[in-house]
Structure formats: structure tokens, C-alpha cells
Amino acid sequence: MGTRTQVVDERGAALERADLLERCDAAVAHALASGADEAEAFASSHGGTSVQLEKGDLQLARVSMGEALGLRVFVGGRLGFASTNQAASPAALADLAASAVALAKLSPVDPAAGLLAARELFGGPLPSEPALWALAPASVVALAGKLMEVCRGFDKRVSVDQGAIRFSRGSSAVVSSRGARAAESDAGLSASLFGMAVDGADVGGFDALSEWTRGADSFEPALERMGRRFARTVLDNLGAGKATSYRGPVLFAPDAFAELFLGPLVGALSALAVQRGRSALAGKLGTAVAAAHFTLRDAPGDAELAGACLVDREGSATADRALVERGVLGTYLSNARAARLEGLAESTGHAQGSARGVPGIGAHNLVVDAGDGGDAKEMAARLGRGLLVGRFSGTVDGTSGDFSGVAKSARWVEGGEIVRSLGETLIAGNAFEALGQLGALSTERETLGGSARVPWAIADGLNVTAG
Amino acid sequence: MHTQEDPTAWLASALVGREDGFVELRLHRKRQRSVAVEKGRVDAAMSTEHSGVGVRVLEGGTFGFASTGSLEIEAIRRAIDDARSAARASAGLRRARIENLAPAQLARGRFEVPGYDELEGRSLEELLQLVLSTEARARASSGSVDSASCAYTEVLEEKAIVTTDGARAWLRHVRPELRVGAIARDGAQLQRGSRSVGATGGWECLFRAAGADQLADEAARIAVDRLGAGYPEGGRKRVLLSPALVGLLTHEAIGHTVEADFVQSGSCAAGKLGQRVASELVTLCDSGASEYTDGAGGTLPVDDEGVFAGRTAIIEQGVLKNYLHNRESAAHFGVAPTGNGRAWEYQNEPLIRMRNTYIEPGTSTFEQLLEGIEDGYLLDGPANGQADANGEFMFGTQEAYHVKNGVVGPLLRGVNLSGRAFDVLASVDGVGRDFRWDLGSGHCGKGQPAKVDAGGPWVRCEVLLGGRG
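Taken in order, these protein sequences are the chains called A and B.
Taking our numbering, I'd label the letters of the first sequence as residues 1 to 467.
Taking our numbering, I'd label the letters of the second sequence as residues 1001 to 1469.
The set of hints was computed from the structure by calculation and includes no laboratory data.
On a predicted model such as this, the values are computed, not experimentally measured, just so you know.
Heads up, some of the hints might be wrong.
Ranges of calculated distance between the beta carbons of each label pair, as one might list FRET restraints [stated by the list, open to error]:
{"hint": "1", "chain 1": "A", "residue 1": "GLY415", "chain 2": "B", "residue 2": "ARG1236", "range": "25 to 31 Å"}
{"hint": "2", "chain 1": "B", "residue 1": "GLY1230", "chain 2": "A", "residue 2": "GLY241", "range": "28 to 34 Å"}
{"hint": "3", "chain 1": "B", "residue 1": "ASP1165", "chain 2": "A", "residue 2": "SER245", "range": "55 to 61 Å"}
{"hint": "4", "chain 1": "B", "residue 1": "GLY1092", "chain 2": "A", "residue 2": "GLY35", "range": "54 to 60 Å"}
Ideal Cβ positions, reconstructed from N, Cα and C, are used throughout, including at glycine.
Turn these sequences into a full structure, and let the hints steer you where they fit.
Put into C-alpha cells, the structure is as follows:
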């Protein structure tokens, strides 16, 4: 593909960071000149190539590029925010600043509103393979060809509804009038498959798998592994039978474990959720919130995971830390707003978000320590009899922890062995209670969506309803 | 670009010298104003504007797509070249080449859903006041309410769609939403209640069923009532679904399985056209218009391929009649496109998406529907939902009430319900006569979001409940 913008090597990324920093400087200057007491600009630029598959065939090749700038201002303790993707000109930046300041002047005063004092941090590129930075669009198309080849090797009953190869690269910068100044760049390559198996009138439940990497060299074998696993799962989803209703232990594959338990747990760790009275973990710092063999870490320094970063959305330094260690709650997660509400001078470096909105709070890379339960097969043996949940499709109330939904890619385990696929099987329980009743965690872990490393887990006290 | 004037001629000028094959240009200007308040503090008072042009080119039997955030003609021309290069570079991989797109009467002219100027003219001060007072009302409604939140968002969209085969459409619409949440506490126990509304249209459409005060009161009531509430019993149950849940049922259980791209992949609706798939009481449709009452959230007069977005009867009196199409799938099936090609922003290509999906009203009163339940549940308050290829769906509810011999008991905590789409529709034995759109604050996810709405009357059927005990 002879496109204009897709190849940006590491040197080009350095220029891109410098350009974004300059644009942020200008936006902050415009905001202060327009009457802001404090201002923070966050700018991002991205580009990439993707090839999408549909119905097992090529559907669309895409080249993309874009940029955005978000400006947060405070005027007398009042908040205003404006964002645009048309910030290339000084006049547009001046309009953006005027808009943000005008919004702030309409807002009510909040004594805790404002930025934190910060320092300039070293930014730079995250450690992607040099070859990845300069990945040509033609190489992305070639990888899509490889993925299609993998798909064509599947059993004829496997139907790939959607798939994709995506290469994306981008840079971001943040500058504030309180001293924050940082920029970084990143590049990644991902693949995904989504589909099901169809055998005559028997349509199996769908499954989805993805791979993500900062290194292009190892990607082709990863595509083959992903393809084999995808095909096996959707074929095993055929011929679904009925479960037996019971209350007791359930075995969760890493995807289901993360959705059901890590999601509400991390949501409840938000310092804002604690301050606003919507966290079940309020007042529990230093106390047991999970079984003693459960340790959850946030690892922004783990460059093998997609959420790796040197600084957060507000330019604060990130650091690896245990969120829950041996079952005991170690820290809440905060951004500048939450830190100021607590009267703290520093956040925990968990501001997250894009240039299109005010920063929120979230973890970067979630890593659950491996247990001693062996691999998935050994975990099934430990369960003995009951339900194995591959994915969870349902509702998790992040406030109460109550969940209810359908077990997908579900299997029935009998005598420690998987004996059949299941359909119409519902599970219900409470995530916070179940974390306290965690049984074995597997030694083997899986990387989910590139940014979480999670084991298989057995949790007890859950309700299983068979259709 | 002058947005007060028809931009289609300006946009079409980018095609000069680049008309080979099929080229589709979509100018998309999206402005958003949002205000969010939680526990008395303003978390967001923001204004965003993101505009650009998405370009799709059909070349060598496949599509190439590129986009630009620049509104300069030269930048759009470069994007056309990029999209064409992308199509050429990847065409060798494609087996089933797209020979043609389905012919359609393509839209030309100006299309506007009322409400745009009205909401654009409302001051942010007024919106802030609305959100602050609504949040305060929810928080003050009970001593058990510990925290509340309220958020208002409006998205003002302008689009121009130009294709080499004749579309020249200019559209404007506005989509406001209001969400209210309340957290009630009893010791260590927390329970959440929420209510939200959304529309395509002005203030009257947004608040057609309930004002902001009523939404605040209801969110707080649900949170408080759920404290100490029991759980429904799990199992296969006869239930009475509210219009919001009927909307979720039509969207999740049926709508996704009849999207023609999913049908081609082998969804459970494949090969069933003309077959009975539901009770004869069921007529289920998807429409770009807001049928019965104005303001349904997924309303659009013309889709993002420039095709008129009319009403499509998916199931008529129990018989599967149509799938939902874009121009590519319509050509494959040899039918007319149904106006379901939708893109979220300028960087996204049009996909087959639903718009306003619903079951048509029947003849039963609410009381008659209740009387038919010996031992079951009345369910209301939509949460999230998903559908599977095999027709197995699930969606969540906030509220469940046990019904014994037609008498409604106290509130129980919400549950998730599931079933096989066509089995559930076959079990329908009562359809109410009062219609309501009730999912206007919902978004559907399929690689990219889409604003949708759904609704219907109260419907009685049998589903699987994921309760406890």
C-alpha cells in the first residue's frame, strides 16, 4: 500500500512527541491568557493499518490516522474541559481555550478542584521491537493473508464471523501549568478471531480470541496457536446439553474470572468510588478482602503487556504495586482529583483516559499471581464435578458485587474430566463474597486482551441454574 | 466548510478526477456537550468537537477505507487515494469478490430530525442546573441514599453523504441523554438504582415518559427498595416483560441474529425466511423512523450509505420475513437494502446495525396479561444484554416482582434472564396494547458503538431466570 503516513520509525515518533508537547504548551498558554488559573493539555496522535475479515473472507483494508487535544482548565475552583481534533492551527487552539474557560466560569465552585503540582518526567518510546515501528502496510496485509490461511485450515464446520489484524502506533503528551510535562510513544500489533461452529442445524455458541504484541517477529506462530485454540473451542461448543442445577464451586477460565471478579474489584478500588460512597471496599485498607492465596498487582512496568506506560494521563509517574497482597487490600487507585479530595500531594499514578474527556481512574496492567493448581486439566480434576465457565455473558453490579448471567463456552465436569458442552446455563452470586471463598488458582496463566495476566480459578458458593 | 449551507457540492468536488469505481465520502461533524455531577460535585462540564471525512472505495472486488480529520479538499483526495491503495493491496486475498452493490433509491437533499436547533440553543448554564438539581433530589429523597449521580449528554451530528452512484444527502440530528443513579446504604450493604432516558429529538422527546424529577425519585426508590430485598428463584418461569425489556429482547434475541452479515456467517436465523419462528401474536420490526411516538433514540432518515432508512418487518405474525441489510449484503441476497448501514464516527466504515427495534402492540390490557400468570415474575429496568450465534441471549433486569395468581408481590433484586430467541418468541401468549420506546439511552456494540432504541408493549412469555435458590 503506497500510503502517505503509515510508516513512522522511532525517530519519527520522537518528532511526533516533540510536536505534541509544543501543541500542549501552546494550548496551556492560551488557556492561561484566557483567564484560567490552572490548565492541563493532553494531546495524542495515532496511525495504523488494519485488515478485517468477515464470513471467513477478506472484508476491508483500512488505513487510519488522527489526532486530538483535550484541555482541562480551572477558574476560581471551577472546572471546564474542551476537546477537538481540529487543533492544528493556533486560532483553533485559542478557540478551544476560550471554550474551556467559558465552561469553567459556568460551573459551581469546588474547593477541591484543581491540578496537583508535578515535575517534568522523562518520556520516550515504550520498548517495542524496532522492526515493529516501521511495519509497512503491506506487511500487515501479509499477516492478514497468514491469518486467512490459518482459518482455511480449520474444520469445515468452523465459521469465522469476524477477524482482524491491526497495527497501530501513536504518541501522546501532557503538559500542565503546575509543572507536568511528559510524552511517550507506543506501537502494537494485534489479531482477533470471532465466530462459531455450525453443523447442520446445530449452531454452537460463539467464542472470541485475541493476541497482542510489541514484537512482530513472534507473531506468525502466535496466529497459528490462536487459530487452533479458537477452532477447538467453537467445535467443542457444538452439541450443547443441559447442566444440573446446584449451589457450590464453579471453575472459571481466565476470561470469565477477570470479567466476574477482577472487574468489580478494580472498580471498587477507585478512590473516587470510595469517596463517593459507592465502593464495597471503603474502609477496608489493610484488611482481608479475598482469600489469603490471592494477590493482584498493577504492573505498568511490564512491557510484555499492552497497558505498559511510563506516565499516566496526567503526567504522573506510574509504578508497579500490589493492589491486593495475600488477600489484604493494599491501596486504592487515585488520580489528581481523588488525591486532592483526600488532601494528598500526589496521586497513585492511575489517571486514565483519552484526549476526549476528563481523566478517570483505572489500572494499567492487571496481573494475578499464579497459584499451585497446575494447568486447566488439573483444575478440572480439582473441581471434580460441576460447571466450567469459559466466558461470562451477564451483569455484574460493581456496587454490590451481585452478578447474574449466562455461562458461555461452558462445560460439565464429572469425575474430574470435561464430559460435555453446555447451553442455557445461568450462574449467580456475589463477586466480593466469592473472592473470599476462592479455591485453587492455576499455575498456568493466560494473557487477556494484552493487558491482564490471569489464572484459572475455582470459586465456591455460587448458584448454577440449568435450563 | 460552511455547516449552515449544504456541504454536499463541496464534498463532491473532492471526487473530481477520482470517480473510478465506487467511492463513498461521508463528512461527519460530531459535537458533544456533557455535564456530570456526583454527590454534589461537578466531575465534567465539557464540550467536544470531532469532525472529519470517512472514505470507502470499492476496487478489485473489495473495500478499502481511509479517513482524515482535515476538512481540506486536498486531504480528502489523499484519503481517497489511500482507500483505493488499501483496496488494491488487499484485493488478492479476497475470494468472494463484490461485483456490485445493490441498487437503491439513494437520498438527495436535506434531511433533519426536529430538535437540533432547540437543543443547540439551550445554554450550558441551564443544563448544569438541571443536572445539579436532579442529582440533589435523588440524594435527598431518602435517609438511606448515600450518594447520587446525574449526567446529561447531547450529541449534535451533521453528516453529508456523497457517492459516485448518486447519493447527495445532508443530515442533521441531535441525541440527548439523561442518566440518574442512586446508591443506598444499610450498614455494609450497598444497592444501586438507576434510570435513564435518551432520544433523537428535542426536550419534549427526551422527557416524553418521565421528567427529570421523576427519574431521580425512581432511581432512589429502586436503590432503597433493593436493600434487604430477596432474590427471585432461578429456573424456567412465565414472566411479564416491561416495554424496555421487550426492547432488549427484540434487540438482543432477534435483531442481531437477523443482521445479514451474521446470517451469512451461519446465525440461527440462516435459512429460516418464510418459516414460523414465533407466536402469531408477534410482529417484530426495525425502523429508521420513530413509529407510534416521536423521538426514538435510533431514528435516522437516511443511513450512512445514503439509503432511505424505512421500516423493515423482520417477523410478521410469527413468520420470519426479512433480514437487515446494507448494500453489500442486499446484493448477495438479491433484495433491496434496508437502510441499516451505519457508522459511529468519520473514522468508522458503515456496518449492518439496528435502529429502532420493536414488537408491534397487541390487544391485551396490562391487567389481562397479569391475570394469566399463576406463578411467575414481572420484570422491569433494563441492564446490559448480549446475543449469541445460536440464538441464546441474555439480558439483565434491575427489578423483579413475584407474581402469584395475577397479584404482584414486593420488589426482589434484579436477575439475568436467558433463553433461545425463537423458543422464547414461540412462548409468547400475550401482547399488550400500549406501546413505549424505552431503550433510548442504550448503545449497541459491534466493533463500533451505535445509538439504538427499542421498545414495544408489555409481553408475556417464558424465559430462564438466573436467580438463587
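Could you say whether the range 28 to 34 Å given as a hint is met by the Cβ separation of B/GLY1230 and A/GLY241?
31 Å, holds
For the range 25 to 31 Å, tell me whether the beta carbons of A/GLY415 and B/ARG1236 fit it or not.
Given range 25 to 31 Å: holds, Cβ gap about 28 Å.
Within 54 to 60 Å or not, the Cβ separation of B/GLY1092 and A/GLY35?
58 Å, holds
Between the beta carbons of B/ASP1165 and A/SER245, is the distance compatible with 55 to 61 Å?
57 Å, holds
Against the hints set out earlier in the document, no violation occurs for any number.
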